[in-house]
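Please model the complete structure; the sequences and the hints are all you need to start from.
Number of protein chains: 2
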Amino acid sequence: MTSQPLINADRLWSRLMALAEIGATPAGGVNRQALSDGEIAAWRRVIGWAGEAGLTPSTDAAGNLFLTLAGRDRGVPPLLLGSHLDSQPTGGKFDGAAGVMAALEAVVSLAGQDEKPARDVIVVAWMNEEGSRFAPGMMGSEAFTGEHDMDAIRAARDADGVSVGEALDRVHQALPDVPHRPLGFTTSAYLELHIEQGPLLEAAACTIGIVTGIQGKKTFQVVVEGSEGHAGTLAQSERRDALAAFARMASALHAEIGTIDTDIKFTIGRVAVVPYAPSVVPSRVSFSIDLRHPDNAVLDAAGVRIATLCKANASPCAVTVTPLVDAPSNAFDARLRADIGKAAREQGHSAMTMLSAAGHDARHLAKVCPAAMIFIPCRDGASHVEHEWAEPDHVAAGASVLAQVLRELAFAPAIEG
Amino acid sequence: MTSQPLINADRLWSRLMALAEIGATPAGGVNRQALSDGEIAAWRRVIGWAGEAGLTPSTDAAGNLFLTLAGRDRGVPPLLLGSHLDSQPTGGKFDGAAGVMAALEAVVSLAGQDEKPARDVIVVAWMNEEGSRFAPGMMGSEAFTGEHDMDAIRAARDADGVSVGEALDRVHQALPDVPHRPLGFTTSAYLELHIEQGPLLEAAACTIGIVTGIQGKKTFQVVVEGSEGHAGTLAQSERRDALAAFARMASALHAEIGTIDTDIKFTIGRVAVVPYAPSVVPSRVSFSIDLRHPDNAVLDAAGVRIATLCKANASPCAVTVTPLVDAPSNAFDARLRADIGKAAREQGHSAMTMLSAAGHDARHLAKVCPAAMIFIPCRDGASHVEHEWAEPDHVAAGASVLAQVLRELAFAPAIEG
Numbered sequence: 000m001t002s003q004p005l006i007n008a009d010r011l012w013s014r015l016m017a018l019a020e021i022g023a024t025p026a027g028g029v030n031r032q033a034l035s036d037g038e039i040a041a042w043r044r045v046i047g048w049a050g051e052a053g054l055t056p057s058t059d060a061a062g063n064l065f066l067t068l069a070g071r072d073r074g075v076p077p078l079l080l081g082s083h084l085d086s087q088p089t090g091g092k093f094d095g096a097a098g099v100m101a102a103l104e105a106v107v108s109l110a111g112q113d114e115k116p117a118r119d120v121i122v123v124a125w126m127n128e129e130g131s132r133f134a135p136g137m138m139g140s141e142a143f144t145g146e147h148d149m150d151a152i153r154a155a156r157d158a159d160g161v162s163v164g165e166a167l168d169r170v171h172q173a174l175p176d177v178p179h180r181p182l183g184f185t186t187s188a189y190l191e192l193h194i195e196q197g198p199l200l201e202a203a204a205c206t207i208g209i210v211t212g213i214q215g216k217k218t219f220q221v222v223v224e225g226s227e228g229h230a231g232t233l234a235q236s237e238r239r240d241a242l243a244a245f246a247r248m249a250s251a252l253h254a255e256i257g258t259i260d261t262d263i264k265f266t267i268g269r270v271a272v273v274p275y276a277p278s279v280v281p282s283r284v285s286f287s288i289d290l291r292h293p294d295n296a297v298l299d300a301a302g303v304r305i306a307t308l309c310k311a312n313a314s315p316c317a318v319t320v321t322p323l324v325d326a327p328s329n330a331f332d333a334r335l336r337a338d339i340g341k342a343a344r345e346q347g348h349s350a351m352t353m354l355s356a357a358g359h360d361a362r363h364l365a366k367v368c369p370a371a372m373i374f375i376p377c378r379d380g381a382s383h384v385e386h387e388w389a390e391p392d393h394v395a396a397g398a399s400v401l402a403q404v405l406r407e408l409a410f411a412p413a414i415e416g
Numbered sequence: 000m001t002s003q004p005l006i007n008a009d010r011l012w013s014r015l016m017a018l019a020e021i022g023a024t025p026a027g028g029v030n031r032q033a034l035s036d037g038e039i040a041a042w043r044r045v046i047g048w049a050g051e052a053g054l055t056p057s058t059d060a061a062g063n064l065f066l067t068l069a070g071r072d073r074g075v076p077p078l079l080l081g082s083h084l085d086s087q088p089t090g091g092k093f094d095g096a097a098g099v100m101a102a103l104e105a106v107v108s109l110a111g112q113d114e115k116p117a118r119d120v121i122v123v124a125w126m127n128e129e130g131s132r133f134a135p136g137m138m139g140s141e142a143f144t145g146e147h148d149m150d151a152i153r154a155a156r157d158a159d160g161v162s163v164g165e166a167l168d169r170v171h172q173a174l175p176d177v178p179h180r181p182l183g184f185t186t187s188a189y190l191e192l193h194i195e196q197g198p199l200l201e202a203a204a205c206t207i208g209i210v211t212g213i214q215g216k217k218t219f220q221v222v223v224e225g226s227e228g229h230a231g232t233l234a235q236s237e238r239r240d241a242l243a244a245f246a247r248m249a250s251a252l253h254a255e256i257g258t259i260d261t262d263i264k265f266t267i268g269r270v271a272v273v274p275y276a277p278s279v280v281p282s283r284v285s286f287s288i289d290l291r292h293p294d295n296a297v298l299d300a301a302g303v304r305i306a307t308l309c310k311a312n313a314s315p316c317a318v319t320v321t322p323l324v325d326a327p328s329n330a331f332d333a334r335l336r337a338d339i340g341k342a343a344r345e346q347g348h349s350a351m352t353m354l355s356a357a358g359h360d361a362r363h364l365a366k367v368c369p370a371a372m373i374f375i376p377c378r379d380g381a382s383h384v385e386h387e388w389a390e391p392d393h394v395a396a397g398a399s400v401l402a403q404v405l406r407e408l409a410f411a412p413a414i415e416g
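Protein chains in written order, with numbering that gives the first Met the number 0: chain A, 0 to 416; chain B, 0 to 416.
Rather than coming from a laboratory, the hints here were simulated on the basis of the structure.
Any given hint could turn out to be false.
Put simply, identical chains are the same to the list, so a pair is met inside one copy or across any two.
[As the list claims (entries may be wrong)] List time: in silico SDA-like cross-link candidates among lysine to any residue, alpha-carbon distance up to 25 Å: (1) LYS310 - ILE256; (2) LYS115 - THR307; (3) LYS217 - VAL303; (4) LYS115 - GLY47; (5) LYS217 - ARG239; (6) LYS366 - PRO327; (7) LYS366 - GLU114; (8) LYS217 - GLN235; (9) LYS366 - VAL170; (10) LYS217 - ALA234; (11) LYS366 - ARG169; (12) LYS115 - ILE39; (13) LYS310 - ALA60; (14) LYS310 - ALA251; (15) LYS217 - SER236; (16) LYS217 - LEU323; (17) LYS217 - TYR275.
The structure displayed is predicted, hence computed values, not measured ones.
What follows is the structure in structure tokens.
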């Protein structure tokens, strides 16, 4: 099977670097927000490359992009593989983009074969995985799997007040030649390659991570309400200072939740102060909480404790804690995991099983079809940063393993999870 | 002296309300930032009203607006009176505007008299008193008195990256007919009317506050530097979370500095988090500190302690504490305070002496000439809020006292501080 290369590694790398020019930041990273002009430009480029190999583009009401290689039997559920094209505001070249481009390379290489696959094979780029422009993330895959209602998704707004609905319509208007397909369809399997976004593969000098599952995640939006006042005249005892209450909450949360055990991850990444003037006592502070743990029982208990700690430190202000994401930890498909291990072994790549500390769209696909993920190392375990880096050899190895698993599934008469 | 009204109270009130339409907010307040389009519009309106009474406009390199009533002897140092036209983002109709409009009304009424004043009388609107768009505040009066260098002032930038220099040039270009005068000139006295921005006059049912001085103020800009990372993968023990360090600092500062005594005022009004994404560990948090106290020894000790507390709570992040404003408490001119008390008494207004808890441009003028301030009550002591309110009778009483003090100075052959 591996006498012929399964992919063109040089083409993959050069396309991945070309994609990183869209939204490139001065520090070498990428800022390509969901449904932005940058994402439209990325769609155009990816659609162009896919078109050269005979793949046809389509989209759905959730703004997911599909690139289809037609199979012999168009009536059976297709294979899906991909990731996302949006990035963090100071993100890197690989998070999401590596998965979409590896999938495209695997399918383009398959399209170059004489034999047609048994079923359709579709590359997907999910809408708003990151959740940085519109919260929460993974909107596209949640809409696809029916976990989240499109009306609710369309109503979310970015910091400038633009709704997902408005931004989505704008993307679709910018690409009038991309036909629309119904939202959600039966899929025979889902595969996603991603950089690890952690240090384990690098530390073990291992090229391929066979992902067993994704750690659980909860997110919250917390709003502290106090009263505005003049910084020079209002006595401390008369104040309802929302920032002072926030400081107590954040300090207590970091001290207690952040030290539950060595697996816990606790982050306050956004804090917005109103009215935001140096000489006005803040009337309102809103902030985000991101909480993760591989053990659902620990995760649930920490979630309850977060609300308690916020309330205990609010007085004399009021506080509301709104849960956003509530995603328990999950396990990926055993047969697909075995296929990934076999492909890595046959291709001579070192491989290890591992849990994903980060969330991915595959978490949602795993609820509706057999799903699995392939990890490749990233330098220093750094991701969501502008200097995020994956070695060309590792990108090629991951894509080649993905291509082998894809080919075995694509020509199989039936797929069982 | 008081047989004839010294001002037209109805004209003053209607002009004050008309001014409040510029930058009016939906909740009834005012958002008129320094050197903004709103301030340009306010200048135009004020220049128009002044022109009807024969006052001539001029400006200086610091963007202060002057409206001059020519006196008999143009060679002697003029009288200066006024306040500022800029507001907080969610400010009210009276902070600053009441002082400029009371000064204008007093001078316009004076211009209507047969006898010319002995010296020039100039209404002033100082540039950027609030410091909310460009930090720190009181740039115009500090430039006028030579305490702050124009190059440094011009280099300060707002949140959108616009410099004071750019914004200032834009204001001057928008008003090409307003002649320029050299920055800073010898002044024989300075008077400023302002709402109290505190509850003391209202609580004492008193109409006129004779301000003895201004409490001392220090401001700081603090920057916490950590390292960016992925919220789902980076272990807590590996993090240099700038927000976690900020929470510890802010919590400790509020707990210790905010409770020094009942006179201390401690405010963190602005917090900026970078990169500002829910699933990225913050690499940088910058925040403002506003500290006030009437006793300079307490103020100085608290200032030193602030830097110590920031450093003690920074690890594993780095912190830099940059002092911005360092304004000790000051005392106003004894003779002018006596004049204000005498005018209030003769006009039948209840009056009390009091310390100003808030900073004002008069603080800086007091270093270069005899200066004093007149306070009038504001409802519930509330200021820097959209529902800020002063009664029409109180505005009229304050302006009338200001007008009487002005007339006595304006016709005096010499003024001694």
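* To do: Would you pick out the hints that fail for this structure and give their numbers low to high?
  => Violated hints: 2, 7, 9, 11, 12 and 13; rest satisfied.
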